[in-house]
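Peer 1: Chain by chain, the residues:
Protein chains: 2
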Amino acid sequence: MDFQDYFPVWKKLTPAQQERMLGRLTSRKVNKGTDIHGDTLNCTGLLLVKTGQLRAYILSDEGREITIYRLFERDMCLFSASCMMSSIQFEVCVQAEKDTEFWVIPADTYKSIMEESAPLANYTNELMASRFSDVMWLIEQIMWKSLDKRVAAFLLEEAAIEGKPEIKVTHETIANHLGSHREVITRMLRYFQSEGMVKLSRGMVTILDEKRLRDLQK
Amino acid sequence: MDFQDYFPVWKKLTPAQQERMLGRLTSRKVNKGTDIHGDTLNCTGLLLVKTGQLRAYILSDEGREITIYRLFERDMCLFSASCMMSSIQFEVCVQAEKDTEFWVIPADTYKSIMEESAPLANYTNELMASRFSDVMWLIEQIMWKSLDKRVAAFLLEEAAIEGKPEIKVTHETIANHLGSHREVITRMLRYFQSEGMVKLSRGMVTILDEKRLRDLQK
Numbered sequence: 001m002d003f004q005d006y007f008p009v010w011k012k013l014t015p016a017q018q019e020r021m022l023g024r025l026t027s028r029k030v031n032k033g034t035d036i037h038g039d040t041l042n043c044t045g046l047l048l049v050k051t052g053q054l055r056a057y058i059l060s061d062e063g064r065e066i067t068i069y070r071l072f073e074r075d076m077c078l079f080s081a082s083c084m085m086s087s088i089q090f091e092v093c094v095q096a097e098k099d100t101e102f103w104v105i106p107a108d109t110y111k112s113i114m115e116e117s118a119p120l121a122n123y124t125n126e127l128m129a130s131r132f133s134d135v136m137w138l139i140e141q142i143m144w145k146s147l148d149k150r151v152a153a154f155l156l157e158e159a160a161i162e163g164k165p166e167i168k169v170t171h172e173t174i175a176n177h178l179g180s181h182r183e184v185i186t187r188m189l190r191y192f193q194s195e196g197m198v199k200l201s202r203g204m205v206t207i208l209d210e211k212r213l214r215d216l217q218k
Numbered sequence: 001m002d003f004q005d006y007f008p009v010w011k012k013l014t015p016a017q018q019e020r021m022l023g024r025l026t027s028r029k030v031n032k033g034t035d036i037h038g039d040t041l042n043c044t045g046l047l048l049v050k051t052g053q054l055r056a057y058i059l060s061d062e063g064r065e066i067t068i069y070r071l072f073e074r075d076m077c078l079f080s081a082s083c084m085m086s087s088i089q090f091e092v093c094v095q096a097e098k099d100t101e102f103w104v105i106p107a108d109t110y111k112s113i114m115e116e117s118a119p120l121a122n123y124t125n126e127l128m129a130s131r132f133s134d135v136m137w138l139i140e141q142i143m144w145k146s147l148d149k150r151v152a153a154f155l156l157e158e159a160a161i162e163g164k165p166e167i168k169v170t171h172e173t174i175a176n177h178l179g180s181h182r183e184v185i186t187r188m189l190r191y192f193q194s195e196g197m198v199k200l201s202r203g204m205v206t207i208l209d210e211k212r213l214r215d216l217q218k
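Residue numbers (our numbering), protein chains in the order written: chain B, 1 to 218; chain F, 1 to 218.
Take these hints with a grain of salt, some might be off.
Since the list can't tell identical chains apart, any single copy or any two copies may satisfy a pair.
Taking lysine-lysine and the BS3-like style, the derived pairs with C-alpha atoms no more than 30 Å apart in a straight line are [stated by the list, open to error]:
no.	residue 1	residue 2
1	199	211
2	50	98
3	111	12
4	29	111
5	164	218
6	149	164
7	218	111
8	164	12
9	199	12
10	11	218
11	11	111
12	32	218
It should be emphasised that the hints constitute simulated quantities derived from the structure, not laboratory data.
The following block holds chain B by itself, in its conformation from the complex:
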């Protein structure tokens, strides 16, 4: 499978636009844990995931993190190319959560094609709207949901992504996803364990009672 099969509106680009994009494209392979895009203002470019998993997060001055969305196979990251639009006045960090293969489209190449291509500009709109929806969901979670519900939702989502109830994750990592502190997460997980909903072991959380974790959401 080539880039052409992964890029969503490929067939709606003109041959000249396709050639321009292919000519500037690079592909990268990184190991789990690699920082792909930092929160300084350099412009890595648009990332299109071939295999693996990325997470986009923001960072506070004190080094606290919160995950804002995740990218899986065929997903594209726009905000790693924030220099592309003057109205993008924030910066995200992107990190590989698994060994990941992806393509990088330079921001200026993408921008120049988007300016003349209504299909690419409309696709970009849908992409941004979709991330916007993720972020609005996140605001609702932060504002109206208590932390027990958010931790339960995180564990259920992880188990769904991995397809099994054993989740390899540290308490520190969960805290970084949810914008919380390790100590707070540890306390919550111990409560879940005492209630028989999960089992804790070194670097691992195992879901024992999925139904009760789901019931917490209500």
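Model the placement of chain F on the given structure of chain B, informed by the hints.
Peer 2: Okay, now just chain F, sitting in the frame of chain B:
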């Protein structure tokens, strides 16, 4: 001044597109406090503000509110036309904060022009990126800033909008902007008053010490 002078990429539309847009346009005049767009899934259309001030907010199941952005003269509201893009999976409410005059562009009209017009699609991208930046700022505020800083920031912003230190606002309204409770806001404002930063009177907060409110942000 006509719609043509307010609509940002008017001159980049074709005469046929301009005619289509003008033919479907309506204009409205509402009083302060009017609900313009609800959180049910009906699609009011895109709103372009001529004069006045609107606020967009989200609503929790329990009826708590939080303001996500504001719209002033020449600003356009996209998310009151959420049916326009399938990826917009959230709903905002829009309310007039002052007596407001605005145009409504039906979502299907805007969408059909955007699909063929790269300039309009690119403008829409910038617009969404700009709102996205507002919302990312909001997440940072909610996550990393304590409520005293957020109340101070709100008062300073209101004073800047009105161009004077007397802010006509109830504690309930401040709570609705910040996603908090009236009692909590009242307690905070009384603390500010005891510190000499503000003076409270019926339906009014007067800023006495702008510098100290600003220092709170640091």
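Peer 1: Decide, hint by hint, whether the structure agrees.
Peer 2: Cross-check of the supplied hints:
1. In this assembly of identical chains, the alpha carbons of residue 199 and residue 211 lie at most 30 Å apart only when taken from the same copy (15 Å versus 52 Å across copies).
2. Taking CA atoms no more than 30 Å apart as the test, residue 50 paired with residue 98 passes inside one copy only; the shortest distance there is 12 Å, against 50 Å between copies.
3. Taking the shortest Cα distances, residue 111 and residue 12 sit within 30 Å of each other both inside one copy (16 Å) and across copies (18 Å).
4. With identical chains, the CA atoms of residue 29 and residue 111 are at most 30 Å apart within one copy only, with a shortest distance of 24 Å there and 38 Å across copies.
5. Taking the shortest Cα distances, residue 164 and residue 218 sit within 30 Å of each other inside one copy (23 Å), while across copies they are farther apart (45 Å).
6. For the identical chains of this complex, residue 149 and residue 164 are intra-copy neighbours only, at 20 Å inside a copy versus 43 Å across copies, given an alpha-carbon limit of 30 Å.
7. In the homo-oligomer, the alpha carbons of residue 218 and residue 111 never lie at most 30 Å apart, since the shortest distance is 43 Å inside one protomer and 36 Å across protomers.
8. With identical chains, the CA atoms of residue 164 and residue 12 are never at most 30 Å apart, being 39 Å at best within one copy and 53 Å at best between copies.
9. Proximity of residue 199 to residue 12 under the C-alpha cut-off of 30 Å is found in neither arrangement, the shortest distances being 50 Å within a copy and 61 Å between copies.
10. For the homomeric pair residue 11 and residue 218, neither the shortest alpha-carbon distance inside one copy (44 Å) nor that between copies (50 Å) is at most 30 Å.
11. In this assembly of identical chains, the alpha carbons of residue 11 and residue 111 lie at most 30 Å apart whether taken from the same copy (18 Å) or from different copies (21 Å).
12. Taking the shortest alpha-carbon separations for residue 32 and residue 218, neither the intra-copy value of 34 Å nor the inter-copy value of 36 Å comes in at or below 30 Å.
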